[in-house]
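Here the sequence shown stands for residues 5 to 396, numbered as in the numbering used here.
These are computed hints drawn from the structure, not numbers from a lab.
Computed from a predicted structure; not experimentally measured.
Be careful, since some hints might not be right.
Said to hold, decoys possible - Simulated crosslink set (DSS-like; lysine-lysine; CA at most 30 Å straight-line): (1) K382 / K297; (2) K297 / K59; (3) K297 / K92.
What the hints assert, rightly or not - Computed beta-carbon distance windows for the label pairs: (4) D234 / E16: 21 to 31 Å; (5) D47 / G219: 18 to 28 Å; (6) E336 / E231: 42 to 52 Å; (7) N30 / S364: 22 to 32 Å; (8) P259 / E36: 48 to 58 Å; (9) P76 / P49: 27 to 37 Å.
Beta carbons are placed, not taken as given, at the ideal position from N, Cα and C, and that holds for glycine.
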Amino acid sequence: MARDVIGGLRAEARLAPESGIVEVVNAARNREGLIPLWVGEGDLPTPDFICNAAKASMDAGETFYTYQRGIPELREALAGYHQDLYRKPFSPEQFFVTGSGMQAMQIAVQCVAGAGDEVVFPSPAWPNLAASVGIMGARAVPVAMDYGDDGWSLDPQKLFDAVTPQTRAIYLNSPSNPTGWVADRQLLNIILEEARARGLWILADEVYGRFSYQGTGPAPSFYEIAEPDDRILFINTFSKNWAMTGWRIGWLSAPPEMGQVIENLIQYSTSGVPVFSQRAAIAALTEGAGFLKQQIERAEGGRRIVVDGLSESNRIRLSVPDGAFYLFFGIEGIDDCRRLALDLVARTGVGLAPGSAFGSGGEGFLRLCFARNPDQLKVAVERIASAAGDFR
5 MARDVIGGLR AEARLAPESG IVEVVNAARN REGLIPLWVG EGDLPTPDFI CNAAKASMDA
65 GETFYTYQRG IPELREALAG YHQDLYRKPF SPEQFFVTGS GMQAMQIAVQ CVAGAGDEVV
125 FPSPAWPNLA ASVGIMGARA VPVAMDYGDD GWSLDPQKLF DAVTPQTRAI YLNSPSNPTG
185 WVADRQLLNI ILEEARARGL WILADEVYGR FSYQGTGPAP SFYEIAEPDD RILFINTFSK
245 NWAMTGWRIG WLSAPPEMGQ VIENLIQYST SGVPVFSQRA AIAALTEGAG FLKQQIERAE
305 GGRRIVVDGL SESNRIRLSV PDGAFYLFFG IEGIDDCRRL ALDLVARTGV GLAPGSAFGS
365 GGEGFLRLCF ARNPDQLKVA VERIASAAGD FR
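Construct the entire structure; sequences and hints are all you get.
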(Lines of atoms letter the chains of each structure in order from A; the text may use other names.)
(Lines give C-alpha, C1' and ligand atoms only; values in the text may rest on other atoms or scores of the structure.)
Protein backbone atom coordinates (compact mmCIF):
# COMPACT_ATOMS: atom_id res chain seq x y z
CA MET A 5 0.00 0.00 0.00
CA ALA A 6 1.47 3.34 -1.07
CA ARG A 7 2.03 5.89 1.66
CA ASP A 8 1.06 9.55 1.28
CA VAL A 9 4.50 11.13 1.53
CA ILE A 10 3.48 14.73 0.86
CA GLY A 11 0.47 14.51 3.15
CA GLY A 12 2.77 13.54 6.00
CA LEU A 13 4.72 16.78 5.79
CA ARG A 14 4.30 19.76 8.09
CA ALA A 15 1.59 21.96 6.57
CA GLU A 16 3.75 25.10 6.59
CA ALA A 17 6.39 23.33 4.50
CA ARG A 18 3.90 21.64 2.20
CA LEU A 19 2.06 24.87 1.47
CA ALA A 20 5.11 27.09 0.91
CA PRO A 21 4.25 28.95 -2.31
CA GLU A 22 5.90 28.36 -5.65
CA SER A 23 7.60 31.34 -7.28
CA GLY A 24 5.48 33.11 -9.87
CA ILE A 25 8.68 34.47 -11.40
CA VAL A 26 10.28 31.06 -11.88
CA GLU A 27 7.26 29.90 -13.90
CA VAL A 28 7.98 32.53 -16.55
CA VAL A 29 11.73 31.87 -16.41
CA ASN A 30 11.18 28.15 -16.98
CA ALA A 31 8.87 28.85 -19.90
CA ALA A 32 11.54 30.69 -21.89
CA ARG A 33 14.89 29.95 -20.26
CA ASN A 34 16.46 28.57 -23.47
CA ARG A 35 14.76 30.88 -25.96
CA GLU A 36 17.10 32.27 -28.61
CA GLY A 37 17.54 36.05 -28.44
CA LEU A 38 16.15 36.21 -24.90
CA ILE A 39 16.54 39.48 -22.97
CA PRO A 40 16.11 38.36 -19.35
CA LEU A 41 14.92 41.25 -17.19
CA TRP A 42 12.85 39.14 -14.79
CA VAL A 43 15.16 38.53 -11.82
CA GLY A 44 16.60 40.97 -9.30
CA GLU A 45 20.21 41.23 -10.36
CA GLY A 46 22.40 43.15 -12.73
CA ASP A 47 24.42 41.56 -15.51
CA LEU A 48 27.92 42.60 -14.40
CA PRO A 49 30.10 39.85 -12.89
CA THR A 50 31.67 40.27 -9.47
CA PRO A 51 34.74 42.51 -9.92
CA ASP A 52 38.25 41.07 -9.73
CA PHE A 53 39.27 42.81 -6.50
CA ILE A 54 36.49 40.97 -4.65
CA CYS A 55 37.18 37.60 -6.29
CA ASN A 56 40.91 37.95 -5.64
CA ALA A 57 40.30 38.47 -1.92
CA ALA A 58 38.41 35.16 -1.80
CA LYS A 59 41.14 33.39 -3.77
CA ALA A 60 43.85 34.71 -1.45
CA SER A 61 41.87 33.47 1.55
CA MET A 62 41.52 29.98 0.08
CA ASP A 63 45.20 29.94 -0.87
CA ALA A 64 45.99 30.79 2.75
CA GLY A 65 44.02 27.75 3.92
CA GLU A 66 41.03 29.61 5.39
CA THR A 67 38.65 26.75 4.70
CA PHE A 68 37.66 25.72 8.23
CA TYR A 69 34.76 26.42 10.58
CA THR A 70 34.75 29.97 11.84
CA TYR A 71 32.88 32.51 13.98
CA GLN A 72 29.11 32.03 13.87
CA ARG A 73 28.51 35.78 14.03
CA GLY A 74 31.07 36.51 11.32
CA ILE A 75 34.81 37.06 11.48
CA PRO A 76 35.77 40.12 13.58
CA GLU A 77 37.36 41.89 10.61
CA LEU A 78 34.13 41.81 8.59
CA ARG A 79 31.98 42.93 11.50
CA GLU A 80 34.38 45.82 12.06
CA ALA A 81 34.24 46.67 8.35
CA LEU A 82 30.43 46.68 8.49
CA ALA A 83 30.50 49.05 11.44
CA GLY A 84 32.89 51.35 9.59
CA TYR A 85 30.81 51.24 6.41
CA HIS A 86 27.67 52.27 8.28
CA GLN A 87 29.52 54.95 10.23
CA ASP A 88 30.77 56.52 6.99
CA LEU A 89 27.29 56.32 5.46
CA TYR A 90 25.23 57.70 8.35
CA ARG A 91 27.79 59.81 10.22
CA LYS A 92 27.11 58.26 13.59
CA PRO A 93 28.88 55.58 15.66
CA PHE A 94 28.21 51.88 15.12
CA SER A 95 29.56 48.90 17.04
CA PRO A 96 30.72 45.64 15.43
CA GLU A 97 28.51 43.97 18.03
CA GLN A 98 25.46 45.18 16.09
CA PHE A 99 26.31 43.16 12.98
CA PHE A 100 25.86 39.46 12.18
CA VAL A 101 27.04 37.87 8.95
CA THR A 102 24.49 35.63 7.25
CA GLY A 103 24.42 33.28 4.29
CA SER A 104 22.52 35.81 2.12
CA GLY A 105 20.02 38.58 2.68
CA MET A 106 17.38 35.85 2.51
CA GLN A 107 18.84 34.16 5.58
CA ALA A 108 19.01 37.52 7.33
CA MET A 109 15.27 37.85 6.68
CA GLN A 110 14.55 34.31 7.87
CA ILE A 111 16.47 34.87 11.12
CA ALA A 112 14.73 38.19 11.68
CA VAL A 113 11.34 36.52 11.26
CA GLN A 114 12.37 33.60 13.48
CA CYS A 115 13.30 36.08 16.21
CA VAL A 116 9.92 37.76 16.38
CA ALA A 117 7.12 35.63 14.89
CA GLY A 118 5.78 32.13 15.40
CA ALA A 119 2.53 30.21 15.40
CA GLY A 120 -0.47 32.50 15.82
CA ASP A 121 1.53 35.72 15.32
CA GLU A 122 1.16 38.28 12.55
CA VAL A 123 3.52 40.48 10.55
CA VAL A 124 2.03 43.47 8.77
CA PHE A 125 3.59 44.71 5.52
CA PRO A 126 2.83 47.02 2.56
CA SER A 127 1.85 45.25 -0.66
CA PRO A 128 3.00 44.69 -3.38
CA ALA A 129 6.18 43.30 -1.82
CA TRP A 130 8.98 40.84 -2.38
CA PRO A 131 7.18 37.49 -1.92
CA ASN A 132 9.89 35.89 0.22
CA LEU A 133 8.80 37.90 3.26
CA ALA A 134 5.29 36.44 3.31
CA ALA A 135 6.68 32.97 2.63
CA SER A 136 9.22 33.26 5.48
CA VAL A 137 6.46 34.31 7.87
CA GLY A 138 4.16 31.49 6.72
CA ILE A 139 6.85 28.83 7.10
CA MET A 140 7.16 29.88 10.75
CA GLY A 141 3.44 29.24 11.24
CA ALA A 142 2.68 32.96 11.50
CA ARG A 143 0.49 35.05 9.21
CA ALA A 144 1.71 37.76 6.84
CA VAL A 145 -0.90 40.54 6.63
CA PRO A 146 -0.68 42.64 3.44
CA VAL A 147 -1.73 46.28 3.43
CA ALA A 148 -2.45 47.57 -0.07
CA MET A 149 -0.44 50.58 -1.15
CA ASP A 150 -2.19 53.27 -3.15
CA TYR A 151 -1.41 53.84 -6.81
CA GLY A 152 -2.37 56.99 -8.66
CA ASP A 153 -1.11 59.79 -10.89
CA ASP A 154 1.75 60.49 -8.47
CA GLY A 155 2.82 56.84 -8.31
CA TRP A 156 2.85 54.57 -5.27
CA SER A 157 2.18 55.77 -1.73
CA LEU A 158 1.59 54.25 1.68
CA ASP A 159 -1.05 55.53 4.08
CA PRO A 160 0.46 54.83 7.51
CA GLN A 161 -2.98 54.79 9.12
CA LYS A 162 -3.97 51.84 6.91
CA LEU A 163 -0.83 50.09 8.12
CA PHE A 164 -1.67 50.72 11.77
CA ASP A 165 -5.32 49.77 11.27
CA ALA A 166 -4.13 46.31 10.21
CA VAL A 167 -2.35 45.81 13.54
CA THR A 168 -4.11 43.42 15.94
CA PRO A 169 -3.21 41.96 19.34
CA GLN A 170 -1.48 39.16 17.40
CA THR A 171 0.79 41.52 15.46
CA ARG A 172 4.45 41.23 16.39
CA ALA A 173 6.15 43.24 13.66
CA ILE A 174 5.87 45.67 10.77
CA TYR A 175 7.99 44.84 7.72
CA LEU A 176 9.07 47.76 5.55
CA ASN A 177 11.14 47.43 2.38
CA SER A 178 12.39 50.83 1.23
CA PRO A 179 13.43 51.41 -1.50
CA SER A 180 10.85 48.90 -2.54
CA ASN A 181 11.05 45.77 -4.63
CA PRO A 182 9.05 45.78 -6.91
CA THR A 183 7.64 49.32 -7.08
CA GLY A 184 10.70 51.52 -6.57
CA TRP A 185 8.77 53.49 -3.93
CA VAL A 186 10.89 55.15 -1.24
CA ALA A 187 9.68 56.03 2.26
CA ASP A 188 10.59 59.58 3.26
CA ARG A 189 12.01 60.56 6.65
CA GLN A 190 8.62 61.79 7.90
CA LEU A 191 6.96 58.43 7.21
CA LEU A 192 9.81 56.52 8.87
CA ASN A 193 9.40 58.69 11.97
CA ILE A 194 5.64 58.06 12.06
CA ILE A 195 6.11 54.29 11.76
CA LEU A 196 8.89 54.20 14.38
CA GLU A 197 6.89 56.23 16.89
CA GLU A 198 3.84 54.00 16.46
CA ALA A 199 5.94 50.84 16.73
CA ARG A 200 7.46 52.14 19.96
CA ALA A 201 4.03 52.98 21.37
CA ARG A 202 2.65 49.52 20.55
CA GLY A 203 5.75 47.49 21.42
CA LEU A 204 6.13 46.22 17.86
CA TRP A 205 9.28 45.17 16.05
CA ILE A 206 10.27 46.72 12.74
CA LEU A 207 11.86 44.52 10.10
CA ALA A 208 13.71 47.08 7.98
CA ASP A 209 14.66 45.64 4.61
CA GLU A 210 17.12 48.22 3.26
CA VAL A 211 18.74 46.02 0.62
CA TYR A 212 18.30 48.72 -2.05
CA GLY A 213 19.20 51.65 0.21
CA ARG A 214 22.12 52.76 -1.94
CA PHE A 215 20.02 52.80 -5.13
CA SER A 216 18.29 56.14 -4.56
CA TYR A 217 17.61 58.68 -7.30
CA GLN A 218 16.28 61.51 -5.13
CA GLY A 219 19.61 63.07 -4.18
CA THR A 220 23.30 62.37 -3.81
CA GLY A 221 23.18 59.98 -0.87
CA PRO A 222 21.41 56.82 0.27
CA ALA A 223 17.66 56.57 0.72
CA PRO A 224 16.19 57.64 4.07
CA SER A 225 16.86 54.97 6.69
CA PHE A 226 15.68 53.97 10.14
CA TYR A 227 19.38 54.09 11.05
CA GLU A 228 19.18 57.88 10.92
CA ILE A 229 16.45 58.14 13.56
CA ALA A 230 16.74 54.98 15.68
CA GLU A 231 17.82 54.85 19.31
CA PRO A 232 20.06 51.99 20.53
CA ASP A 233 17.20 50.21 22.30
CA ASP A 234 14.69 50.40 19.45
CA ARG A 235 13.20 47.09 18.33
CA ILE A 236 14.51 47.21 14.77
CA LEU A 237 16.14 44.40 12.79
CA PHE A 238 17.91 45.58 9.64
CA ILE A 239 18.13 43.16 6.69
CA ASN A 240 20.82 43.62 4.06
CA THR A 241 23.02 41.83 1.53
CA PHE A 242 26.18 42.15 -0.52
CA SER A 243 24.29 40.92 -3.59
CA LYS A 244 22.99 44.13 -5.15
CA ASN A 245 25.64 46.74 -4.37
CA TRP A 246 28.69 44.74 -5.38
CA ALA A 247 27.34 42.25 -7.96
CA MET A 248 27.61 39.31 -5.55
CA THR A 249 24.23 37.61 -5.98
CA GLY A 250 25.81 34.17 -6.40
CA TRP A 251 28.02 34.49 -3.30
CA ARG A 252 25.06 34.22 -0.89
CA ILE A 253 26.34 36.53 1.83
CA GLY A 254 24.44 39.21 3.71
CA TRP A 255 24.09 40.69 7.15
CA LEU A 256 21.61 41.35 9.90
CA SER A 257 21.89 44.37 12.18
CA ALA A 258 20.28 44.09 15.61
CA PRO A 259 20.59 45.36 19.19
CA PRO A 260 23.85 43.89 20.58
CA GLU A 261 22.06 42.17 23.46
CA MET A 262 20.49 39.84 20.88
CA GLY A 263 23.93 38.52 19.93
CA GLN A 264 23.71 35.09 21.52
CA VAL A 265 20.19 34.51 20.23
CA ILE A 266 21.20 35.31 16.65
CA GLU A 267 24.40 33.29 16.95
CA ASN A 268 22.34 30.29 18.04
CA LEU A 269 19.98 30.63 15.07
CA ILE A 270 22.93 30.81 12.68
CA GLN A 271 24.51 27.79 14.38
CA TYR A 272 21.38 25.70 13.88
CA SER A 273 20.96 26.62 10.23
CA THR A 274 24.28 27.09 8.39
CA SER A 275 26.86 27.13 11.21
CA GLY A 276 28.35 30.26 9.68
CA VAL A 277 29.55 31.74 6.40
CA PRO A 278 32.81 30.55 4.75
CA VAL A 279 35.79 32.70 5.68
CA PHE A 280 36.82 33.20 2.05
CA SER A 281 33.39 34.65 1.27
CA GLN A 282 33.78 36.99 4.22
CA ARG A 283 37.21 38.13 2.99
CA ALA A 284 35.56 38.95 -0.32
CA ALA A 285 32.89 40.93 1.54
CA ILE A 286 35.55 42.93 3.38
CA ALA A 287 37.09 43.86 0.04
CA ALA A 288 33.66 44.95 -1.22
CA LEU A 289 33.16 47.24 1.78
CA THR A 290 36.65 48.71 1.92
CA GLU A 291 37.60 48.86 -1.77
CA GLY A 292 34.26 48.87 -3.53
CA ALA A 293 33.13 52.51 -3.40
CA GLY A 294 34.06 53.15 -7.03
CA PHE A 295 32.36 50.01 -8.30
CA LEU A 296 29.22 50.79 -6.28
CA LYS A 297 29.13 54.30 -7.73
CA GLN A 298 29.35 52.74 -11.20
CA GLN A 299 26.50 50.37 -10.34
CA ILE A 300 24.24 53.21 -9.21
CA GLU A 301 25.03 55.38 -12.22
CA ARG A 302 24.44 52.46 -14.57
CA ALA A 303 21.08 51.71 -12.94
CA GLU A 304 20.07 55.37 -13.14
CA GLY A 305 20.91 55.36 -16.84
CA GLY A 306 18.86 52.20 -17.28
CA ARG A 307 15.96 53.81 -15.46
CA ARG A 308 16.07 56.73 -17.87
CA ILE A 309 16.05 54.42 -20.91
CA VAL A 310 13.03 52.36 -19.83
CA VAL A 311 10.98 55.25 -18.43
CA ASP A 312 11.53 57.50 -21.44
CA GLY A 313 10.99 54.70 -23.93
CA LEU A 314 7.85 53.17 -22.43
CA SER A 315 6.28 56.53 -21.56
CA GLU A 316 5.84 57.14 -25.29
CA SER A 317 3.24 54.36 -25.49
CA ASN A 318 -0.29 55.48 -24.68
CA ARG A 319 -1.16 51.95 -23.53
CA ILE A 320 1.53 51.65 -20.89
CA ARG A 321 0.95 53.05 -17.40
CA LEU A 322 3.93 53.59 -15.11
CA SER A 323 5.38 55.78 -12.39
CA VAL A 324 9.02 56.78 -12.21
CA PRO A 325 10.73 54.74 -9.46
CA ASP A 326 12.60 56.80 -6.85
CA GLY A 327 14.81 53.90 -5.80
CA ALA A 328 15.85 50.26 -6.30
CA PHE A 329 16.34 49.14 -9.91
CA TYR A 330 12.92 48.04 -11.11
CA LEU A 331 10.19 49.53 -13.24
CA PHE A 332 6.73 48.32 -12.23
CA PHE A 333 4.36 49.00 -15.10
CA GLY A 334 1.17 47.77 -16.70
CA ILE A 335 -0.58 47.68 -20.05
CA GLU A 336 -3.96 49.38 -20.04
CA GLY A 337 -6.86 46.94 -20.11
CA ILE A 338 -4.78 43.88 -19.16
CA ASP A 339 -5.35 42.50 -15.66
CA ASP A 340 -3.97 38.97 -16.01
CA CYS A 341 -0.28 39.81 -15.64
CA ARG A 342 0.77 36.16 -15.36
CA ARG A 343 -0.66 35.43 -18.81
CA LEU A 344 0.74 38.73 -20.07
CA ALA A 345 4.28 37.89 -18.92
CA LEU A 346 4.11 34.46 -20.56
CA ASP A 347 2.68 35.88 -23.82
CA LEU A 348 5.15 38.76 -23.86
CA VAL A 349 8.23 36.56 -23.55
CA ALA A 350 6.84 34.20 -26.18
CA ARG A 351 6.19 37.02 -28.66
CA THR A 352 9.11 39.36 -27.97
CA GLY A 353 11.79 37.42 -26.10
CA VAL A 354 11.72 39.95 -23.25
CA GLY A 355 11.46 38.19 -19.89
CA LEU A 356 9.60 40.12 -17.18
CA ALA A 357 8.25 39.15 -13.78
CA PRO A 358 4.46 39.12 -13.35
CA GLY A 359 3.22 41.54 -10.71
CA SER A 360 1.00 38.86 -9.21
CA ALA A 361 4.19 37.21 -7.91
CA PHE A 362 4.41 40.15 -5.48
CA GLY A 363 0.97 39.70 -3.98
CA SER A 364 -2.53 40.88 -4.78
CA GLY A 365 -1.35 44.50 -4.83
CA GLY A 366 0.75 43.68 -7.88
CA GLU A 367 -2.04 42.36 -10.10
CA GLY A 368 -2.04 44.03 -13.51
CA PHE A 369 1.65 44.98 -13.39
CA LEU A 370 4.96 43.65 -14.69
CA ARG A 371 8.38 44.11 -13.10
CA LEU A 372 11.39 44.97 -15.26
CA CYS A 373 14.95 45.02 -13.89
CA PHE A 374 16.86 47.93 -15.45
CA ALA A 375 20.27 47.29 -13.83
CA ARG A 376 21.33 45.84 -17.17
CA ASN A 377 23.23 46.50 -20.39
CA PRO A 378 21.83 49.76 -21.85
CA ASP A 379 21.84 48.46 -25.42
CA GLN A 380 19.76 45.45 -24.36
CA LEU A 381 17.38 47.73 -22.49
CA LYS A 382 16.82 49.87 -25.59
CA VAL A 383 15.96 46.78 -27.63
CA ALA A 384 13.68 45.47 -24.88
CA VAL A 385 11.81 48.78 -24.66
CA GLU A 386 11.28 48.84 -28.42
CA ARG A 387 9.92 45.29 -28.38
CA ILE A 388 7.61 45.90 -25.43
CA ALA A 389 6.27 49.19 -26.79
CA SER A 390 5.70 47.64 -30.24
CA ALA A 391 3.86 44.65 -28.78
CA ALA A 392 1.77 46.64 -26.26
CA GLY A 393 -0.82 47.59 -28.84
CA ASP A 394 -1.43 43.98 -29.79
CA PHE A 395 -2.58 42.81 -26.35
CA ARG A 396 -6.30 42.83 -25.58
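- [ ] Report the numbers of all earlier hints that the structure fails to satisfy, in ascending order.
- [x] Checked against the structure, no hint fails, so every one of them is satisfied.
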